[in-house]
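Protein chains: 2
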Amino acid sequence: MLQNDLLLKALRGEEVSRPPVWMMRQAGRYLPDYIKLRNKYDFFTRVQTPELACEITLQPVDQVGVDAAILFSDILVIPQAMGMTVLMEEGKGPLLPDVIKNGADVTKLNTDDIAHHLSYVMDALTLTKKELNNRVPLIGFAGAPWTLLCYMIEGKGSKTWDKAKQFCFTQPELAKQLLQKITDATIQYLLAQVKAGADMIQVFDSWSGTLSPADFQQFAQPYLLQISDAVSTAAPVILFPKGSWYALPELGKSSAAGIGIDWTLTPKMAREMAGPNTTLQGNFDPCKLLAPIPQIKKEVKEMIDGFGTRRYIANLGHGIMPNIPVDHAKAFVDAVKEYGI
Amino acid sequence: MLQNDLLLKALRGEEVSRPPVWMMRQAGRYLPDYIKLRNKYDFFTRVQTPELACEITLQPVDQVGVDAAILFSDILVIPQAMGMTVLMEEGKGPLLPDVIKNGADVTKLNTDDIAHHLSYVMDALTLTKKELNNRVPLIGFAGAPWTLLCYMIEGKGSKTWDKAKQFCFTQPELAKQLLQKITDATIQYLLAQVKAGADMIQVFDSWSGTLSPADFQQFAQPYLLQISDAVSTAAPVILFPKGSWYALPELGKSSAAGIGIDWTLTPKMAREMAGPNTTLQGNFDPCKLLAPIPQIKKEVKEMIDGFGTRRYIANLGHGIMPNIPVDHAKAFVDAVKEYGI
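Protein chains in written order, with the numbering used here: chain A, -13 to 327; chain B, -13 to 327.
Calculated directly from the structure, the hints in this document are not laboratory data. Only a predicted model underlies this, so the values are computations on that prediction, with no experimental measurement involved.
The list treats identical chains as interchangeable, and a pair is accepted whether it falls inside one copy or across any two copies.
Think about it this way: if two alpha-carbon atoms lie no more than 25 Å apart in a straight line, the pair counts; the simulated DSS-like pairs of lysine-lysine are: (1) K78 <-> K145; (2) K316 <-> K149; (3) K(-5) <-> K115; (4) K181 <-> K(-5); (5) K283 <-> K162; (6) K149 <-> K283; (7) K149 <-> K162; (8) K254 <-> K239; (9) K(-5) <-> K287; (10) K316 <-> K283; (11) K181 <-> K115; (12) K149 <-> K284; (13) K162 <-> K284; (14) K149 <-> K287; (15) K142 <-> K78; (16) K78 <-> K149; (17) K316 <-> K115; (18) K162 <-> K94.
Input sequences plus hints: build the corresponding full structure.
Have a look at this one:
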């Protein structure tokens, strides 16, 4: 059905002529047409209005030529659906004014009817799937439980996530209750996304790299694996525990079809650690998109040489930044498409 | 001469009864007596007045019982000695109002008479060495060239250091000129520190972990090795390229006596990567000092079990944070001292 199914082939480990390519945060702040919509509608209006989310999701497919669309949304819609207030100040990041402080706060979090609470996401996926008209696959996503716990405990971004860690280290059983509730809500949410049209799911554990390997095994990995096991029955799952390179051997043996990696390890290290049965996704330093275009093209080629074309999805190692020129983003995508030609 | 030379023994690979212990940023913000001085004198007055720097340096030796003193100072004194203005707003971090923008800015940076420009550091070291009266070794330090370049290009802290990277990626030859000038100044500075009384030197590459392994090899490693080679002739050197676990095999073969590591790798991983001839230093997650004291003591014991007592210096994986209770910091130090008893 799909005209371009490179992404799904790569996730199944099938032979491809060249690797598929998309960019984390590809629908967003570096695109002039996105900025026009940002100046007209506030953040959650853009997220909650299916027509706007769809339009933003399609922009990089039409304008940059990526091999997959990823729904424009936010990882903090899950804390919202669980009953927490989430505010977003443009350019300042999220703010959760009423953070989780104790057992009563955890108990009162909702885990019922998550898909119903987030029906606008499903509507956006269904509309986008229709508008894509089978050109490329559509990616759904969620934040990982550890990363969502960070925001639900701290209420905003942090350099160290020391309050989130203090919560886990001083009340590990309560922390695990909270992580389990987030996991339960997330599984419902992701299965509904697949039903609504998502061809693949990515789980973003943006802050897992702040954990030691032992703490990752306690507070992150079990919940990533639960999500992967439950959702993989419906669609392929990529886990992206940013910074947690040490988890590659374990995650490589999991139900996840793919693992995202950042640029702090070489393709060779990643392959050795993850084993042969996992598709790797990454790992271009987003800052390198500020290099001259010939340099970008040269390093993209070296990256693909390192990973090989099979079981590999070309991507950045983290989200694209607002200050990346569109022609540099396009050079990155083009370099992947030109590989081997 | 030294009554407690555990640190120097560990760096030479000699047998010790238990590992030495100190904490990065041990002279500082979590100590009530430091806060009293902070409320009386501004940051650079504390740094530039030998009597104050000495008093602050001795506080954790007297009050927390660490096995080494590290001079209270700042890595940004080198950009100052090279002619740049550095401001420090309490609780807000550094600000360099006139950043490096081009070749002319690099050319005019001073590299002459660095030790003379920073004579207050040497005076502070000599005074502290005298006041320590050979109780424990005295550690001198500097920032690594890559980390100093970050501040000299960006002018303040950054999540991504994208401007510093852009400078390196678009003008690599100019970036290397700048890195070399910082290296030359730093070598003079560190040799003068040893002459003034420092028994050991640590080089902090706080932001090296934002670089890919290939970029680390271009923009960080050569300068770390130059410094290590030049300064190791005078005193043992510990390199701490935070987050750059991938560099352990190369640095393990270098002239550096030790390598600092953060908590994102296990003792076993670190030993395997660094090889048998390097002393490892670290790697307790500073946030874990917020755990209950019995938990801290249990995990410190596990950490030492993992590293072994030989060629190992117990430390945190990054600086201690302002919100750590003093009795928790003391529990960390005590747990190391109680090891094997």
